[in-house]
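Given these sequences and hints, build the entire structure.
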Amino acid sequence: MCMEFNDYKNDIKDYCARNNIDFDKISTFPRGSGRDNLMFLYLDNQNKKTLGLLDETPLPIVLMVRRKDNVLSFEQTENTKKYASL
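Okay, so the sequence shown: first residue is 6 according to the working numbering, each after it adds one.
It is worth saying that the hints were derived from the structure and are not from the lab.
Since the model is a prediction, treat every value here as computed from it, not as a measurement.
Be a bit skeptical, because a hint or two may be false.
What the hints assert, rightly or not - Below, a list of computed lysine to any residue pairs in the SDA-like style, where the Cα atoms sit at most 25 Å apart: (1) K30 to K87; (2) K87 to M69; (3) K30 to N84; (4) K14 to D27; (5) K14 to D49.
What the hints assert, rightly or not - Label-pair restraints from in silico Cβ distances: (6) L64 to D12: 21 to 27 Å; (7) D16 to E61: 31 to 37 Å; (8) E61 to F28: 27 to 33 Å; (9) D29 to L64: 26 to 32 Å; (10) V76 to A22: 14 to 20 Å; (11) T62 to D19: 28 to 34 Å; (12) T62 to T33: 17 to 23 Å.
Ideal placement from N, C-alpha and C gives every residue a C-beta, glycine not left out.
Structural data, given as structure tokens:
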């Protein structure tokens, strides 16, 4: 079963508050998930040059949440401050 945002929402919100990350903003970002990870991705909705389904450009990861033995770890990327800082 994939990690679900709502199951870890409070933990993610606490992490964001401690690290000056805009939780309200990242909670609206598209997400990808696997069994033990959850990724917040950035999508530029203002970019009018998209090709729709023909655009295979991967979305940049803004924040990665991993779960191991029911303990969460958070990994910021080079995009975290750029797209999600307060």
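Taking the hints in turn, this is what the structure says about them:
For the proposed pair K30 and K87, the alpha carbon gap of about 12 Å is at most 25 Å, so the pair holds. Annotation: proposed proximity of K87 to M69 holds, straight-line Cα distance about 15 Å (limit 25 Å). Simply put, K30 and N84 have alpha-carbon atoms about 13 Å apart, close enough for the 25 Å limit, and the pair holds. Annotation: proposed proximity of K14 to D27 holds, straight-line Cα distance about 13 Å (limit 25 Å).
As the CA atoms of K14 and D49 are separated by approximately 23 Å, the hinted pair is consistent with the 25 Å bound. Between L64 and D12 the beta carbons are some 22 Å apart, a value that agrees with the proposed interval 21 to 27 Å. At about 32 Å, the CB distance of D16 to E61 agrees with the hint of 31 to 37 Å. Under the hint 27 to 33 Å, the C-beta atoms of E61 and F28, about 30 Å apart, fit the expected range.
The hint said 26 to 32 Å for the Cβ distance between D29 and L64, and at roughly 19 Å that hint is violated. Checked against the given bound of 14 to 20 Å, the beta carbons of V76 and A22, roughly 19 Å apart, stay inside it. At roughly 32 Å, the beta carbons of T62 and D19 sit within the given window of 28 to 34 Å. Roughly 20 Å separates the CB atoms of T62 and T33, a value that falls within the hinted 17 to 23 Å.
Violated hint for the displayed structure: number 9, the only one.
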